[in-house]
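One letter stands for each residue in the lines below.
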Amino acid sequence: MVKIEDLRAEAQRLLKGGTVKYIIGYERPAGSWKANPVFLKNPEETDRLVWDPTCYHNLVRFLIDEKRRKAKSKEPDPRPVGVVVKGCDSRAVVVLLQEKFISRLDVYLIGVSCEASGVIDERKLERKLAGKKVRGVAFGPAGSFTVTTDDGTVEVPAAEVLADRCRDCIANVPVVSDHLLGDKTKRTVAKPFQAAEKVEAMAPDARWSFWEEQLGKCIRCYACRSACPMCYCDECVADSICYAVTPDTTAEEKAQKIKWVERSPVDSENFFYHFVRAIHLAGRCIDCGECERACPVGIPLRLLNKKLEKDAKELFGYDVGLDADQPALISCFRDDDPGDFIR
Amino acid sequence: MAEEFEPRIVAFLCKWCSSAGSDLAGVSRMEYPANVTPIQVMCSGSVSPLYIFSSFNRGADGVLVSGCHPGDCHYIKGNYYARRKLALTKNLLAYMGFEPARFQISWVSAAEGQKYTQIIKDFVRELKPLGPQTKLRRNGSW
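So the sequence lines, in the order shown, correspond to chains Z and P.
Quick note: the first sequence uses this note's numbering, first residue 1, plus one each step.
Quick note: the second sequence uses this note's numbering, first residue 344, plus one each step.
Quick caveat, the hints were computed from the structure, so don't treat them as lab data.
Incorrect hints may have been included.
No farther apart than 27 Å at their CA atoms in a straight line, the calculated lysine-lysine pairs in the BS3-like style are these [stated by the list, open to error]: (1) Z/LYS259 x P/LYS358; (2) Z/LYS133 x Z/LYS34; (3) Z/LYS310 x P/LYS420; (4) Z/LYS21 x Z/LYS3; (5) Z/LYS41 x Z/LYS3; (6) Z/LYS310 x Z/LYS72; (7) Z/LYS217 x P/LYS478; (8) Z/LYS34 x Z/LYS124; (9) P/LYS420 x Z/LYS313; (10) Z/LYS310 x P/LYS478; (11) Z/LYS310 x Z/LYS184; (12) Z/LYS191 x Z/LYS313; (13) Z/LYS217 x Z/LYS128; (14) Z/LYS259 x P/LYS478; (15) Z/LYS198 x P/LYS478; (16) Z/LYS100 x P/LYS420; (17) Z/LYS100 x Z/LYS21; (18) Z/LYS124 x Z/LYS191; (19) Z/LYS257 x P/LYS358; (20) Z/LYS100 x Z/LYS70.
All of these numbers come straight from a predicted model, not from anything done at the bench.
Can you make the complete structure from the sequences, with help from the hints?
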């Protein structure tokens with residue numbers, strides 16, 4: 001069991017000693033039962049830190065903003081940033097390290113083990129409680145969750161409210177950390193790709209109608225991109241208005257910016273956008289499921305990401321986000337990669 | 344009588360092998376269907392999945408990516424990278440329910456003019472029963 005006192009003590013030690021610039025963790029705002037990301041600078045504030053099943057955010061996303069801030073600042077603070085990471089978040093750090101986006105010295109990782117449990121899916125919980133007001137959620141015995149409502153406390157089995165991503169998770173214990181809290185027993189998952197396999201089993205026409213219905217809902221708010229710790233490009237090929245144009249940009253330079261995909265939320269452009277997003281995450285998506293959680297219209301984006309993770313594993317024997325020293329999936333090859341689809 | 348459907352194929356041909364192979368087919372006066380719009384690229388490894396999807400988006404009925412045989416790449420290993428990337432692309436397209444037959448990959452060397460014509464003939468023959476590609480095509484009025 002992760003003891004919250006240990007987490008707070010470690011955060012206090014880091015901030016008091018000045019080892020880190022600040023700490024990114026979770027807090028529970030007054031009146032809310034869900035955790036929020038919090039940035040702590042003062043050692044006195046560390047009592048605000050929490051760890052519960054609603055800590056579903058991937059805080060690694062904030063390291064991208066930190067890198068941008070650092071690049072802009074005239075006198076950057078060389079100290080690392082402390083980040084509270086779950087197993088999935090630590091894999092995101094591994095991918096960023098692998099791509100040399102951040103250096104290992106830029107971060108101090110406080111790993112928390114999800115142990116036999118995981119985080120909850122708030123939508124599932126709200127449906128399960130059917131309108132009852134939640135007061136708090138805590139880890140219960142044997143992977144279940146203890147939910148406190150106005151009517152009292154109930155034990156909810158994990159199968160009913162556990163987030164889908166946690167069901168398929170292969171790293172309940174952080175793969176990289178400087179200070180690890182909680183039980184280090186790794187769990188095994190029999191079918192990590194069960195969601196993608198379900199879609200694969202459909203007939204091609206049914207698959208098309210499924211995706212047409214799902215992607216047809218997309219309103220192109222780019223929340224999936226904003227929530228993703230891997231989407232760190234300054235200019236996104238799928239979004240022509242984020243191209244950097246300054247008064248110095250010449251007409252020639254502007255002409256070279258290709259508008260690959262329109263921003264209109266129509267089927268053809270939605271397919272293009274989601275295809276590009278998925279393929280750009282090939283061998284990089286670590287399945288933290290934040291895109292799916294952030295999606296306001298409920299598109300099952302994880303199904304796309306999982307398919308690429310599955311292909312990476314099955315065709316190329318590539319595990320995403322476990323080893324920071326291996327090259328990226330599409331910047332390496334093996335002589336015996338499958339080529340039977342080529343004429 | 345309605346005119347027979349003629350598919351439009353966009354072919355990304357690598358400069359060193361496949362493009363030379365298609366040239367050989369041309370100078371040898373070999374006959375093959377005129378449905379292909381060839382685009383010369385420096386290497387099959389330089390073909391981004393974005394190009395393929397964009398071709399379908401702008402109305403291609405089929406896309407062909409062709410490069411040197413493994414081991415023959417002018418840049419030593421470009422086609423090995425291509426093989427990985429295109430395998431992922433092909434699988435993802437099929438996973439979304441798009442007809443996988445519309446996207447083909449082939450290795451054609453500079454000496455294989457005959458093979459190139461055969462690939463185009465087969466591709467056109469396979470595309471005809473599928474009809475025009477409408478799934479990913481963008482609205483024509485844009």
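Against the structure, the hints:
1. The hinted pair formed by Z/LYS259 and P/LYS358 meets the criterion: a straight-line CA distance of about 25 Å does not exceed 27 Å.
2. For the suggested pair Z/LYS133 and Z/LYS34, the alpha carbons sit about 12 Å apart, so the restraint of at most 27 Å is met.
3. The suggested pairing of Z/LYS310 with P/LYS420 holds, with an alpha-carbon distance near 25 Å, which does not exceed 27 Å.
4. This hinted pair checks out: Z/LYS21 and Z/LYS3 have alpha carbons roughly 24 Å apart, not beyond 27 Å.
5. Note on Z/LYS41 and Z/LYS3: the hinted pairing holds, with a Cα-Cα distance of about 21 Å set against a maximum of 27 Å.
6. Pair hint Z/LYS310 plus Z/LYS72 does not hold up; C-alpha atoms about 38 Å apart against a cutoff of 27 Å.
7. Note on Z/LYS217 and P/LYS478: the hinted pairing holds, with a Cα-Cα distance of about 16 Å set against a maximum of 27 Å.
8. Of the pairs offered as hints, the one joining Z/LYS34 and Z/LYS124 holds, with about 14 Å between alpha carbons and a cut-off of 27 Å not exceeded.
9. At most 27 Å may separate the alpha-carbon atoms for a hinted pair to count; P/LYS420 and Z/LYS313 meet this at roughly 22 Å.
10. Restraint check: the Cα-Cα separation between Z/LYS310 and P/LYS478 comes to about 25 Å, which is no more than 27 Å; the hinted pair holds.
11. Distance check on the hinted pair: Z/LYS310 and Z/LYS184 sit about 26 Å apart at the alpha-carbon level, within 27 Å; holds.
12. Proximity of Z/LYS191 to Z/LYS313 is assessed by CA-CA distance (about 13 Å); at most 27 Å being required, the pair is judged to hold.
13. Taking the CA atoms of Z/LYS217 and Z/LYS128, the gap is near 24 Å; set against the 27 Å cutoff, the hint holds.
14. Restraint check for Z/LYS259 and P/LYS478: satisfied, since their Cα atoms lie roughly 20 Å apart, inside the 27 Å limit.
15. For the proposed pair Z/LYS198 and P/LYS478, the alpha carbon gap of about 22 Å is at most 27 Å, so the pair holds.
16. Between Z/LYS100 and P/LYS420 the alpha-carbon distance is near 23 Å, which keeps this suggested pair within the 27 Å criterion.
17. For the given pair, Z/LYS100 sits about 21 Å from Z/LYS21 by alpha-carbon distance, which is consistent with the 27 Å threshold.
18. Annotation: proposed proximity of Z/LYS124 to Z/LYS191 holds, straight-line Cα distance about 21 Å (limit 27 Å).
19. Annotation: proposed proximity of Z/LYS257 to P/LYS358 holds, straight-line Cα distance about 24 Å (limit 27 Å).
20. A distance of roughly 16 Å separates the Cα atoms of Z/LYS100 and Z/LYS70; the hinted pair therefore holds under the 27 Å criterion.
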